[in-house]
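Build the full structure now, drawing on both the sequences and the hints.
Chains U and P, in that order, are what the protein sequence lines are.
Numbers 1 to 121, taken from UniProt numbering, label the letters of the first sequence in order.
Numbers 1 to 595, taken from UniProt numbering, label the letters of the second sequence in order.
FYI, nobody ran anything at the bench for these hints, they're computed from the structure.
Idealized CB from N, CA, C, for every residue including glycine.
Please note that a few of the clues may not be correct.
Chain U is nowhere near these chain P residues, computed Cβ spacing over 10 Å in every case [said to hold, decoys possible]:
{"id": "1", "residue": "Phe155"}
{"id": "2", "residue": "Pro187"}
{"id": "3", "residue": "Gln197"}
{"id": "4", "residue": "Ala200"}
{"id": "5", "residue": "Arg322"}
{"id": "6", "residue": "Asn378"}
{"id": "7", "residue": "Lys467"}
To give an idea of the interface, some chain U residues facing chain P are shown, with a C-beta separation under 8 Å as derived from the structure [to be verified]:
{"id": "8", "residue": "Ala14"}
{"id": "9", "residue": "Leu19"}
{"id": "10", "residue": "Ile21"}
{"id": "11", "residue": "Ala22"}
{"id": "12", "residue": "Ser58"}
{"id": "13", "residue": "Leu89"}
{"id": "14", "residue": "Pro90"}
{"id": "15", "residue": "Asn91"}
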Amino acid sequence: MDAEPGLSEQYRMASPWPLFIALGIPIAELGILFSLFPIAVGGLLLFGGSVAGMATESGYAKTPWRGLIGVAAPLAVLGLAFMFTRIGLPNRGLAIVAAAVILVAAGVAGMLFSPDREPTY
Amino acid sequence: MEVNGQLALTVLMGLFLVAVAAWLARVENWRSYTPVAGGGAFGQKDSYGSEEKPSGVIRWLTTVDHKDIGILYGAYGLIAFAVGGLMVVVMRIELIDPGMSLISNTFYNSLLTSHGITMLFLFGTPIIAAFSNYLVPLLIGADDMAFPRINAIAFWLLPPAALLIWAGFFPLPDVIPAQTAWTMYTPLSTGAGAGNQANAGVDLMLLGLHLSGVSATMGAINFIATIFTERGDDVSWANLDIFSWTILTQSGLILFAFPLLGSAIVMLLFDRNFGTAFFSGEGGAILWQHLFWFFGHPEVYILVLPPMGIVSYVIPRFSGRRLFGFKFVVYSTLAIGVLSFGVWAHHMFATGMDPRLRASFMAVSLAIAIPSAVKTFNWITTMWNGRVRLTTPMLFSVGFVSNFIIGGVTGVFLASIPVDLVLHDTYYVVGHFHYVVMGAIAFAGFSGLYYWFPLYTGRMYQKTLGKAHFWLSMIGTNITFFAMILLGYGGMPRRYATFLPQFATLHQLATVGALLLLVGQIIFVWNFVQSWLEGPEIEDGDPWNLRQSGLYTAEWDWFDQKQQTAIADGGDPDDETALTDGGHVDEPADDRSDA
Ligand code: HEM
Ligand SMILES: [Cu+2]
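Shown next, in the form of structure tokens:
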């Protein structure tokens, strides 16, 4: 086999997003479990924003805006389920829905107002 | 918490997010927006990969290079090994005398819980990921992992996981460490009863465990995708190396086992916090045991298969011959992978389950010893009449075989129901699995760390210190854990901070062994760090003289070419800072930077 050194150097070997995706998950989990509204929302925003950023960076999307909405959709479903089904955890559901709403808002705002691609927040 | 508290949290969270955003905006600046496909757009410089890597700490925080991530996993695993090891040293010192002396019984239980979880989830799985991340792409001729960014996410989930798992030991108000033991049996772990396990420390530990499971699952998906789709043209299933085979099998096991643990943990968290009764109702305790061990037994093979791969890889190199019966080693790996899902209830023989069911689990458990024995015989026959060179990595591999035999044979006895009913929940079980987890898995880890030391540091370790490390570990392991097997025969139950005076001598012996182990590991740390910084540099790409016996392999070939490119480029060997930080070299400067 030829593992030519330098071959793997043709693509980017650094990305700032994974770290924040990985941070967003535990922050969101802690916020939801202990019902700390701002922590839950913040963690989910960090997670969602970084996912959209990473999708853009790796070429899966041209801009992060639709990615934001894409992440928000399943979150909204989960949050609504927390609020209105037998799970019955309305406060925590509200936090998840709030995060989804903010992500959608950011996505829509981005699509409308941004001249070209920019990192999400 | 009232409005004020919420407000403060909101402000803090907002500030944090703004800081992250600002940092990201700055970091985005160093990136030359190279189009993902096809370089060259910006002229010659574009083929210089290191352009794409920032320097200093930021480089380590943002890297998606499989070799860097491998090194991060390795550092993480070794730190966890030190933490888990020091915890158990305190426990062994407490066990010198029968009564409660140095630490309280509850603190003993906390250390016990944390030691187990740290060693299995924060040392075992990550140290294996260190080898697989660094080596598998090199061995199969891939440029990198199939999903380099997912790879980085999987790693970065681990530091928060460790903080959560250890959170109970931090000076947080009202948070105490979990004392559930690593098996987290209900109803204790649901927080029921008059105990203190309803504490948030247990919730934090469960969250951390959940995160480490998410991380392992992401890694597993990545390895399966990489080995299936990223192999080089000349790497087929027929000539795939043994280590990659074990990683592939391990990843399959992870894929089926860890999500189940994750779900069971979420259910347990619901029981603890939201008033569900999955595990606290009738039959709940047994349900938890079934779910836990359906994960738990495959987990022990998740931990042992890749180390077996390392040993199968190292032993032939220092025996001067190919691995005996390569095919059968691969088949036995796959057989273990399948069978390991059919034996979980051997951990539950004493629960009063249906005897017919119990007998079938006994049969499969005895059967799984067969592929394990096949491997053992293959390692021995590989060495038989070979030109054996007892280098440090080889010593650790031979030590693996020796300890694995004791660990395996004691396991076969436990698999027999009548024997198990006597020995269950005694130190015999502790001795059994430590022969495997310490005597075999950790030994294989050391074997690999020494064998590939030149590959990832460009330097050589100190041989005498390596041998001292081996002998102290080998003798320490056998003293400690053989004493435990004898303690178990004597009827000493496991998981106690105090004991009857009749067990004192054997307990003291076990503590002596543990202290020998401690001395050995201190030598290891010194040797590892000092040699990485100042060891003699490796000049040629074949530090183990493998070409001579026709056992040269792909990763050394890569190393060799890397060495030559460095020299051809006029890379002055002393000029390492320039290589790292200047970044204008045609060559992955990455592994040298920490040299
Ligand atoms: C040769 C095949 C093996 C057999 C037949 C076997 C059998 C058993 C049995 C029956 C038990 C339950 C003992 C009891 O609690 O009463 C047990 C416990 C255990 N075994 Fe093995 N074993 C084997 C190999 C291994 C390997 C390779 C590992 C590790 C990688 C391992 C790790 C463990 C652990 C961690 C426990 C204790 C779990 C606990 O209760 O905390 N075993 N083994
Ligand atoms: Cu088992």
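We went through each hint and held it up to the structure:
The beta carbon of Phe155 (chain P) sits about 8 Å from the closest Cβ of chain U, which is not more than 10 Å, so the claim that it is off the interface is violated. Every CB of chain U lies more than 10 Å from the CB of Pro187 (chain P), the least distance being 20 Å, so the non-interface label holds. Every C-beta of chain U lies more than 10 Å from that of Gln197 (chain P), the closest at about 16 Å, which supports listing it as non-interface. With a minimum CB-CB distance of about 7 Å to chain U, Ala200 (chain P) fails to clear the 10 Å threshold, and the non-interface call is violated.
Consistency note on Arg322 (chain P): stated as away from chain U, and its beta-carbon is indeed over 10 Å from all of that chain's, at 18 Å minimum. With a least beta-carbon separation of about 25 Å from chain U, Asn378 (chain P) lies farther than 10 Å from that chain, consistent with its non-interface assignment. With a least CB separation of 32 Å from chain U, Lys467 (chain P) remains clear of the 10 Å interface cut-off, as annotated. A least Cβ separation of about 4 Å between Ala14 (chain U) and chain P falls short of the 8 Å threshold, and the interface hint therefore holds.
Interface hint at Leu19 (chain U): satisfied, since its Cβ lies 5 Å from the closest Cβ of chain P, which is below the 8 Å cut-off. For the restraint placing Ile21 (chain U) at the interface with chain P, the shortest Cβ-Cβ distance is roughly 5 Å, inside the 8 Å limit, so the hint holds. About 3 Å separates the beta-carbon of Ala22 (chain U) from the nearest beta-carbon of chain P, less than 8 Å, and the hint is met. Annotation: Ser58 (chain U) was flagged as interfacial toward chain P, and the flag holds, the nearest CB pair being 6 Å apart, inside 8 Å.
The criterion of a C-beta within 8 Å of any C-beta in chain P is met by Leu89 (chain U), whose closest approach is roughly 7 Å, and the hint holds. Because the closest C-beta pair between Pro90 (chain U) and chain P is about 12 Å apart, greater than 8 Å, the hint is violated. For Asn91 (chain U), the interface hint is violated, the least distance from its beta-carbon to any beta-carbon of chain P being 11 Å, above 8 Å.
Hint compliance for this structure: hints 1, 4, 14, 15 are broken, all remaining hints hold.
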